[in-house]
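Chain A is already provided as a structure; the job is to place chain B on it using the hints.
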Amino acid sequence: MLSDTWYLFHKYLIISLRMPLWSLFALIQPLIWLFIFGALFKNFAQLPGFPAASYIDYFLPGVLIMTVLFGSSWAGVSLLREISAGTVDKMLVSPASRAAIVLSRVLHAAVQVVVQSFIVLVAAWLMGANTSWNPLHIALAMSIILLLGIAFASLSNGLAIMLQREEPLVVMGNIMTLPLMFFSTAMVPAQFMPGWIHSIAVVNPIEYAVSAVRAILIGETDMATFGLGFGIMLAFAIATLAWAISAFKALRD
Amino acid sequence: MIQISGLTKRYDAHTTAVDHLDLEVESGEIFALLGPNGAGKSTTIRILTTLSGFEEGRVIVAGHDVDRDPDAVRRAIGYVAQETGVDYFLTGRENLTLQGHLYRMKTAQIKQRIEELARYFELGDSLDKTVAEYSGGMRRKLDIATALIHHPRVLFLDEPTLGLDTQSRRSLWQYIRKINDELGLTILLTTHYLEEADKLADRVGIINQGQIKVVDTPDALKKSLGGDVVSLEFEYEATENETLSWKLGNSDFIKDTTWEGNKLHLYVTNGAQAIPKIMQMATQEGARIANISFSRPTLDDVFIKYTGSSLSGDNEEGGEQWWEKWAGKGGSNSKWAKKWQQAQKENNGEAQSWRQWSGQENEASQGDTTPRQGEQDASPQNDSQQTWQQWQKDDNPSPATDGATSEDKEPHQWPSSGQQGDWPRDKDWPDRKD
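Protein chains in written order, with the working numbering: chain A, 1442 to 1694; chain B, 797 to 1230.
Calculated from the structure, these hints are not laboratory results.
Take the hints with a grain of salt, since some may be wrong.
Stated by the list, open to error - Residues of chain A placed beyond 12 angstroms of chain B at every Cβ, according to the derived structure:
(1) Phe1491
(2) Met1568
(3) Ile1602
(4) Ile1616
(5) Gly1668
Unchecked claim - Within a straight-line C-alpha distance of at most 25 angstroms, the following computed SDA-like cross-link-like pairs (lysine to any residue) qualify:
(6) Lys1690(A) / Gly849(B)
(7) Lys1690(A) / Glu851(B)
(8) Lys1690(A) / Arg871(B)
(9) Lys1483(A) / Gly1636(A)
(10) Lys1059(B) / Arg1084(B)
(11) Lys902(B) / Ser1538(A)
(12) Lys1690(A) / Arg900(B)
(13) Lys1690(A) / Met901(B)
(14) Lys902(B) / Tyr1448(A)
(15) Lys925(B) / Tyr1448(A)
(16) Lys925(B) / Ser1525(A)
(17) Lys1690(A) / Glu879(B)
(18) Lys1690(A) / Gly853(B)
(19) Lys1690(A) / Thr812(B)
(20) Lys925(B) / Leu1454(A)
(21) Lys925(B) / Gly1527(A)
(22) Lys1690(A) / His860(B)
(23) Lys1690(A) / Asp865(B)
(24) Lys902(B) / His1451(A)
(25) Lys1690(A) / Asp863(B)
(26) Lys1019(B) / Glu825(B)
(27) Lys907(B) / Tyr1448(A)
(28) Lys925(B) / Trp1463(A)
(29) Lys925(B) / Arg1522(A)
(30) Lys907(B) / Ser1538(A)
(31) Lys907(B) / Phe1450(A)
(32) Lys907(B) / Leu1458(A)
Just so it is clear, the structure is predicted and the values come from calculations on it, not from any experiment.
Glycine included, each C-beta is placed from N, C-alpha and C at the ideal position.
One chain only, chain A, in its complex shape (with noise of 0.2 angstroms):
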């Protein structure tokens, strides 16, 4: 199986290689959100109980969380292209492990938005962030952005097969992505929420990788807030994955 993984792995790392431009693309709405919230909110930082030097250094980690939510949500659309296309099927009909097809897929996404955060860390850097650039540190944050990754591109993957359609998936893709983001603290510290959209970030998985990859990027580090973020990471992106393998699995019709 990992053998099979790393081979198709390696094929979606050539075509990502072969058109970058592709990649990138999606880097453009993460930046355009830089840029728009850090000029917008910039006088947020001077109320009263803001936890943060800056508004920049506080929305940076929630930029990060966007960019893995939008690079990595529609990863099943180019499944179901791969179905229309035959090569599915051209997977299926060798003895090529089945859970195999989908971990790399869903690798290969959460690399790419690994590669996609890295280059907007550097963007908000440039404009002004303070981050931590020890090495442990990004390798770390990195890891809850890879965690992430995978759960999100798992939970397109499944709906993909489930849906069997590319305009819902698309549909579902924007209802899993934006309300999350405003339901964490990714823009708006907790102190500053409505109650109930703060019992509401309590549950979303969202919150937790922001905090998390914040506890380790930004400020002090806060080694008790990234573990509880890197647990329930994990334990995410588990269970979508092995929900995305069984719903492929079952695809045989």
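Using the frame of chain A, we list chain B on its own:
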């Protein structure tokens, strides 16, 4: 190599895609499943390649049960789907390499195999171009090459030439035949092109509504309709050769005759055996024959006989087939099948039909109910034909015409002369693999 017994596949309570299908494909043969869209061809092939499950029956491919040991089946088979299946953004070589890895081949093994396959399919320089730059025919070749990478014993081709132009299609046929001949692969292909089944297959199974209607060699299927068409082209117009055609018409091995300009079409049971006899008679009469050829009924005819419907709706090339027009005139398609059987019964009796035929010909044109294209085209020899038929009637008052049923009075079941010449498949039949 493939054994299917009692295979049933239902999509839901109302849709049975495959209905208690039995089929056996022997080792080393090319077997064509021929049927219209929705007949169950693709479903059957998807079950055989482990892509689909099924409700009832037992399916053994290359000695392995597809239900119990799908992985063993997968290792033994290659599959080329209707869709391309190769990755457009990868080069040919990358596609082949990936496929080799998925079949757990070693890198060195894969490299060697790619060289072999590239030579075999003449991929040449294209091997390192991305598939997006390939032509349709080239892509198909790569597709087949990827399916062969792991030395499978059985190759499944689902509509292999769908959407290809005529030239690519013919070229692909050659490769398919070559694979079968040289590599000894058993090939099961589905098609709704009659010509494809005819040219390629050792045996053809006609499938309709999820059931196999008949299985045999293309030739045997066509022979089952009982007839070849021998065409004589004379150096002179028909009138010069009336004696000969009269003699031929009265010979017991000839069932029927029609004139088309200076061509005489003779309908016989076995063309190869009839030609020497015909030539002997022609020499005795001193007829100067410019050309002699013979052709066979096509699989179209067979298909109609066994399914009661035509494949023409699916077949771009079949749009203007003589029999299609004919069937349209004659009412329902199944009537046509009945006529075949009736015609055969008649032909097995006395050699009366050609006389009856000329009688009907007159009736049909006089009654003007069903003007036939052949007659409209045939103006140059109309006069001669008329006199010859008249003479024929006077000389041999035919009781058959009087006794004919109303069905017999419909235009004759043989192709009308004008359209006969357009029979497209027959021109090529000699290059069939025999």
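Outcome of the hint check:
1. Phe1491: For phenylalanine 1491(A), whose nearest Cβ neighbour in chain B is about 47 angstroms away, the distance exceeds 12 angstroms, so it holds.
2. Met1568: holds (34 angstroms)
3. Ile1602: holds (15 angstroms)
4. Ile1616: holds (30 angstroms)
5. Gly1668: holds (38 angstroms)
6. Lys1690(A) / Gly849(B): holds (12 angstroms)
7. Lys1690(A) / Glu851(B): Status holds; Cα separation ~18 angstroms.
8. Lys1690(A) / Arg871(B): Measuring from Cα to Cα gives roughly 19 angstroms; hence the hint holds.
9. Lys1483(A) / Gly1636(A): holds (24 angstroms)
10. Lys1059(B) / Arg1084(B): holds (12 angstroms)
11. Lys902(B) / Ser1538(A): Status holds; Cα separation ~17 angstroms.
12. Lys1690(A) / Arg900(B): Judged against 25 angstroms, a Cα distance of about 21 angstroms means the pair holds.
13. Lys1690(A) / Met901(B): Satisfied, since the Cα-Cα distance of roughly 24 angstroms is no more than 25 angstroms.
14. Lys902(B) / Tyr1448(A): holds (13 angstroms)
15. Lys925(B) / Tyr1448(A): holds (20 angstroms)
16. Lys925(B) / Ser1525(A): holds (23 angstroms)
17. Lys1690(A) / Glu879(B): The hint holds at about 21 angstroms.
18. Lys1690(A) / Gly853(B): With Cα atoms ~22 angstroms apart, lysine 1690(A) and glycine 853(B) stay inside 25 angstroms; holds.
19. Lys1690(A) / Thr812(B): Within the cut-off at roughly 23 angstroms; holds.
20. Lys925(B) / Leu1454(A): holds (17 angstroms)
21. Lys925(B) / Gly1527(A): holds (20 angstroms)
22. Lys1690(A) / His860(B): holds (21 angstroms)
23. Lys1690(A) / Asp865(B): holds (16 angstroms)
24. Lys902(B) / His1451(A): Cα-Cα ~16 angstroms, so holds.
25. Lys1690(A) / Asp863(B): Given that 25 angstroms is the threshold and the Cα spacing comes to 15 angstroms, the pair holds.
26. Lys1019(B) / Glu825(B): holds (20 angstroms)
27. Lys907(B) / Tyr1448(A): Between lysine 907(B) and tyrosine 1448(A) the Cα gap is close to 15 angstroms, so the pair holds against 25 angstroms.
28. Lys925(B) / Trp1463(A): The hint holds at about 20 angstroms.
29. Lys925(B) / Arg1522(A): Holds, at about 22 angstroms.
30. Lys907(B) / Ser1538(A): Judged against 25 angstroms, a Cα distance of about 23 angstroms means the pair holds.
31. Lys907(B) / Phe1450(A): holds (20 angstroms)
32. Lys907(B) / Leu1458(A): holds (23 angstroms)
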